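For the sequence shown, this note's numbering gives the first residue as 1, with consecutive numbering after it.
Calculated from the structure, these hints are not laboratory results.
It cannot be assumed that every hint is accurate.
Restricting the straight-line Cα-Cα distance to at most 27 Å, the calculated cross-link-like pairs of lysine-lysine (DSS-like) are [said to hold, decoys possible]:
1) K106 <-> K62
2) K54 <-> K106
3) K62 <-> K120
4) K54 <-> K136
5) K62 <-> K136
6) K136 <-> K106
On a predicted model such as this, the values are computed, not experimentally measured, just so you know.
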Amino acid sequence: MLLLVGAGCTKPSNVAPRVLQIQQNWQLQPGSEIAGHRILGGLGDVSIALDGSKVYAPFAGKVEPHRDDCVVFSSPEVPAYLLRLCGVRRPKLGQVEQGEAIASAKFLQFAALRRQPDGKWAMVEPSTDVLERTLK
């Protein structure tokens, strides 16, 4: 079972981006550039065409900035998991309720991560149920 993140409101400038130590280290990450073109997703991301639709919180939890147009969603309901959501616009940061709109996206890059014993995060296949809750 996995978590979800999204967007919605404005991004407070005083919120520091959440840094994730991901167990798998790939050279190309969302936000990287190649020949002047921005990478939107990478290995481990599920790409979903939303055409501007909203992204919802699958559980009550917290939305934090990550990098560029990415946020991280965490929830005490599933403490061993994080959701990294990239491609989001106008994210609502901070505490959110289950089912609350947290962002919108033209193309959503969805990654589920599970905490490992060493404290790093490993990408895992997202649960269909969590994806459905995120997209309604």
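Hints, verified against the model:
Taken as a hint, the K106 and K62 pair is honoured in the structure, with Cα atoms around 22 Å apart against an allowance of 27 Å. Of the supplied pair hints, the one linking K54 and K106 holds, its CA atoms being roughly 9 Å apart against a limit of 27 Å. The suggested pairing of K62 with K120 holds, with an alpha-carbon distance near 19 Å, which does not exceed 27 Å. About 9 Å separates the Cα atoms of K54 and K136, which keeps this hinted pair within 27 Å; it holds.
The suggested pairing of K62 with K136 holds, with an alpha-carbon distance near 18 Å, which does not exceed 27 Å. For a cut-off of 27 Å, the pair hint linking K136 to K106 stands: about 16 Å separates their Cα positions.
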